[in-house]
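Each protein sequence line maps, in turn, to chains A and H. Residue numbers for the first sequence, in our numbering: 15 to 394. Residue numbers for the second sequence, in our numbering: 112 to 398.
Bear in mind the hints are in silico, worked out from the structure with no lab data behind them. Note that beta-carbon positions come from the ideal geometry of N, C-alpha and C, so glycine has one too. Watch out, some of these pointers could steer you wrong.
[As the list claims (entries may be wrong)] Distance ranges between label pairs, derived from CB positions:
#: 1; chain 1: A; residue 1: GLY281; chain 2: H; residue 2: ASP283; range: 39 to 47 Å
#: 2; chain 1: A; residue 1: ILE44; chain 2: H; residue 2: LEU314; range: 57 to 65 Å
#: 3; chain 1: A; residue 1: GLY281; chain 2: H; residue 2: GLU311; range: 56 to 64 Å
#: 4; chain 1: H; residue 1: VAL175; chain 2: A; residue 2: GLY275; range: 50 to 58 Å
#: 5; chain 1: H; residue 1: ASP279; chain 2: A; residue 2: PHE164; range: 49 to 57 Å
#: 6; chain 1: H; residue 1: THR155; chain 2: A; residue 2: ILE364; range: 21 to 29 Å
#: 7; chain 1: H; residue 1: ASP283; chain 2: A; residue 2: ILE364; range: 31 to 39 Å
#: 8; chain 1: H; residue 1: ASP192; chain 2: A; residue 2: PHE164; range: 48 to 56 Å
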Amino acid sequence: MAALDKTKKPMPVAFYPLLALTLIAIGLSIYRLAVGLGPTTNMSDYSPWGIWITVDLFLIPVAGAAFTLSLISYFFGREHYHKAVRPAVLAGFLGYVIVGVLLFLDVGRWPQFYNIFVPGFINVHSFLEEISLCVALYTIILLIEVAPIFLEKWNIKTPIRWIKRSIYVIAGAGIVLSALHQSSLGSMFLIMSHRLHPLWWTPALPVLFFLQAGYAGLGTTAIVITLIWKAKKMPVDRVLLRRIGQAMAINLLLYLAVKAGDWLGAGEIPLLLRPDAFGWLAWFEIFIGIFVPLAILLSKLISHSAGPFWAGVFALIGVFINRLVITWIGLALPSPHPYTPHWIEIMITIGMIAGGFLVYGMVVRHFRLFPDRQEAYPTN
Amino acid sequence: MSPISRRDFLKVAGLALGSAFIPDVALAAGEDSSNQIGMLYDATKCVGCNACTNACRQWNHTEVEKDPSGLYDAPTDLSADTWTLIKLYEGEEEHSFVKRQCMHCLDPACVSGCPVHALQKTSEGPVTYDPDRCIGCRYCMYTCPFHVPRFSWDDVVPVIAKCTLCNDRLADGNGPACAERCPTGALVWGRRDDLLAEAESRLENNSDRYVNHIYGKDDVGGTSVLYLSHVPFEKVGLDDLGTEPIPQLSEDAGDVIIPSILVGGPLLLAAIRSISKRDGWEESWPL
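Excised from the complex, chain A in its bound form:
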């Protein structure tokens, strides 16, 4: 990369370990494709989905950062959020790329994965089909949205003008596609009421997943911009962080209301009070993922420079526990071989995420993620 030589700054210490992890994951991925899922994963007929699906279902709401920030700044027209759009959209794009790679490795019959896009094969009743189409299209939309970061650096102006001119259509399509697949990830489990643990199964799953995408995306944005400002020793914009925190709090409160309403309405409170693993997990998820962030965001801590950051961290932990139960623990059947991930599954997951951090770090280092108001683009 030519950009690397120009800066002449020493590489950050994290660069080489991240690169190593990424390369190991790429090697193991090729091995997995060559020998199949049997030798490389611990999935079985009793746990046909493993950690890759859990991570996918966690990364998609995390990558909802692009969705929520686009909505707030392009459509609600809140100028103050604008500077967070680029970091959020880039995080979203890389998140979806990781999800795409993991899904490709996950599907057993990968040599014909493209069947999912063959019009004659498409099952309109399948939420999984709808999610696949939305995720693929949305990744393309995100690619268009991040393109100006690179195009402006390389001084290619014409496509930037096209993107700028049609940004409402592009961002609007992205928001509609996000609303579809973020909720459909929850709808995907509507057909499993016989299998998913009742504390997590509810007809409101699409609503809950949609709200989670809202606060997880905002939380991710708070985390990402706080880290970038710290790393680049830029001044922390507490007003922006507070506003992101407020929007997060609204989503968290709505989520809590729907979740509590479902538990009460379905008479599942006794399950919550039962001292088994699921009762504890449900409490833990709500406490860490909802109560702690709300305690930060509804108190004076929201104005502290690290307040929204920590609210985001705890909210994401909550979403992770939620997705862990919904894709794995809460679906498990009594099995002769209970699932725990194979080391290859773990190394591929870690390595692909490391690759995401690596690329993000390189972009932060060599491209402009916070365009100044006037000089962002030439007007003509």
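Here the structure of chain A is known, so what remains is to put chain H in place on it, guided by the hints.
Leaving out everything else, chain H in the frame of chain A:
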């Protein structure tokens, strides 16, 4: 062999005939499904000889799963190689065998969930699988309420494997291999409504012998494989799953949510954009 479900048919028919005729159409559709081929398993007649498992292996060329001594074919559960088997239930006072295989639901969850129509419910009854379409996502393994579809994990490019109701024998007028082999008459095959009538008469004439329920008549909206038993069905692994087809809620939700977001989303975005105050937005492009 069309992948069109009963409810789709109803929707189309309903549009064509007008809502007043929908009850009649529903009856017609119900009769249609009862003409399908099915099987009736009577647990009180089964001696657990596993001839059915063997017949299945011979017809479908599946590998034996030997016990540690290597003397017996002794599968312990359904698998990519074992599409049917007899399980033993032993209670304190009663015991029973139970045959497991695909139930061939009338409105199958696996068919509803499969993104690429690799699984299809044929008009003759069987739920079939097409490996040329399947991408190996394994969603069917979760949507199936009976935990039937299995995966050939050790293959480099694996397949979903399950009972096909011997779809490739039905065309020649033959029955499923397992049902034709059964030596005690515990497993018979035929038109689903004939089997239902047979099951009803067994219940009527020997009411003290059976639990008063034909599993699969209405369970999960009906299945092509029907069960009679002398022990409660949940004890032999056939849970009470209600009479609503498993995909019902999911498909109804999809019919509402997806068009609403596709149509309402852009309208809502346009509305938000037009009423929002624009903080000098036009000058500062955030991209």
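Going down the list of hints, with the structure as the test:
1. One distance hint, 39 to 47 Å for the beta-carbon pair GLY281(A) and ASP283(H), is violated here, with the actual separation near 53 Å.
2. A hinted range of 57 to 65 Å for the beta carbons of ILE44(A) and LEU314(H) is consistent with their spacing of about 59 Å.
3. Checked against the hint of 56 to 64 Å, the C-beta distance between GLY281(A) and GLU311(H) comes to roughly 36 Å, which is inconsistent with it.
4. For VAL175(H) paired with GLY275(A), a C-beta distance near 53 Å keeps the hint of 50 to 58 Å intact.
5. Remark: the range hint 49 to 57 Å for ASP279(H) to PHE164(A) is upheld by a beta-carbon distance near 55 Å.
6. Checked against the given bound of 21 to 29 Å, the beta carbons of THR155(H) and ILE364(A), roughly 55 Å apart, lie outside it.
7. The hint said 31 to 39 Å for the Cβ distance between ASP283(H) and ILE364(A), and at roughly 54 Å that hint is violated.
8. Between ASP192(H) and PHE164(A) the Cβ separation comes to about 51 Å, which falls inside the hinted range of 48 to 56 Å.
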